[in-house]
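In case you want the letters, here they are:
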Amino acid sequence: QQQVKQSPQSLIVQKGGISIINCAYENTAFDYFPWYQQFPGKGPALLIAIRPDVSEKKEGRFTISFNKSAKQFSLHIMDSQPGDSATYFCAAPRPGKLIFGQGTELSVKP
Amino acid sequence: DGGITQSPKYLFRKEGQNVTLSCEQNLNHDAMYWYRQDPGQGLRLIYYSQIVNDFQKGDIAEGYSVSREKKESFPLTVTSAQKNPTAFYLCASSIGPRGMEKLFFGSGTQLSVL
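Taken in order, these protein sequences are the chains called A and B.
Numbering-wise, the first sequence is residues 1 to 110 according to my numbering.
Numbering-wise, the second sequence is residues 1 to 114 according to my numbering.
Just so you know, these hints were derived from the structure itself, not from any lab.
Take the hints with a grain of salt, since some may be wrong.
[Unchecked claim] Covered, in the sense of this in silico footprint (three residues per stretch, anywhere, with C-beta under 8 Å from a C-beta of chain B), are these stretches of chain A:
id	segment
1	38-45
2	92-103
[As the list claims (entries may be wrong)] Below 30 Å or equal to it, Euclidean Cα-Cα: the simulated DSS-like pairs (lysine-lysine) are:
id	chain 1	residue 1	chain 2	residue 2
3	A	K68	B	K83
4	B	K102	A	K5
5	A	K5	B	K57
6	A	K15	A	K5
Note that beta-carbon positions come from the ideal geometry of N, C-alpha and C, so glycine has one too.
Isolated chain B, as found in the complex (with noise of 0.2 Å):
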């Protein structure tokens, strides 16, 4: 069965630590994307990454990192410096980096703080 698997489904993060979202996909796609979901702001990009190694800030970073080491695997890290994360994450993947193709979401994880 392809898609996206986000893991865990729930997150709890103390006060000064650093948590890290899992998004996993087996789709073979290129392209992978990891957004932020608020109630009334809609989706907001963190970071994408269209290949291998290689990443690019969205229009919220500070605070989250990334890293893009295997085609399959996009792990956002959610760092101490992020003041307000309590949030719906949600990663996706498309075939290809034009921003135009059809997105592939993951069921998502709901951070929250301690």
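Same shape as in the complex, but just chain A (with noise of 0.2 Å):
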């Protein structure tokens, strides 16, 4: 029942690098597509959302790329630091719920 398809589900960036994680939806309730960061151990947080009124979302070195004819967005993590390292969750919404994606696990390496 997987409605949110994400990729690549691990990454390895050099620092200084181009971190670019991708996601898939298949439908959705409403126009608004967030990113959640969890690092070991911890529970997720929202990092960066989209309403796609916009194509795109800068927030410093984050951003959300979103293509509504293709129903996919995409997080870009510029300057990738050794701190980036940790999973990455994209989600959709449906009523009274958000479905995420099966998780990108980021290491950025020194």
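Combine both chains into one complex, guided by the hints.
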């Protein structure tokens, strides 16, 4: 019943590089697409979200790009840092709940 | 300090035993959720509650039960019917029931089978 497909499952990037994580959704109740960041042993926390009246949203080094016709959105982390090493989840809303992707484990090497 | 408190942090279950995971929030949020996290499978929704004394099944509710008698509390019971309970369990809350508000997560409970 997976309605949000996320890739890649894992990603290794050198410090200073660009990390790119992709998500595809089948359908959604609302136009709202968040990304959550999770460090080991902790719960996820909202990182950045987009409402697709725009095709891109940037907050610092983090950017969401959205393609409504393709039902895809992606997270770009510019100038990746070792402190960005975490698991990242995309999500799509359904009535009363959020459905999450499978997660991407990002490792940024110094 | 507002937030979500999950306890215990680690829990061990014996065969045939029911165990209950605690989740308390002091954010005055209406909606609460339970997710299960397994490696490579992301976060899967077990149960959610949009208001006191009401809750709905998520995608993987079999073998679990919940109650929502108080706004601030949403305990999850893992019953003996759940044959593969080993996982990291996350409780979350949001200000409203629409499913698109920001979710606040607790720090999780790691459940293992003895």
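Now the hints, each set against the structure:
{"no.": "1", "hint": "38-45", "verdict": "holds (count 5)"}
{"no.": "2", "hint": "92-103", "verdict": "holds (count 11)"}
{"no.": "3", "hint": "A:K68 / B:K83", "verdict": "violated, 40 Å"}
{"no.": "4", "hint": "B:K102 / A:K5", "verdict": "holds, 21 Å"}
{"no.": "5", "hint": "A:K5 / B:K57", "verdict": "holds, 22 Å"}
{"no.": "6", "hint": "A:K15 / A:K5", "verdict": "holds, 27 Å"}
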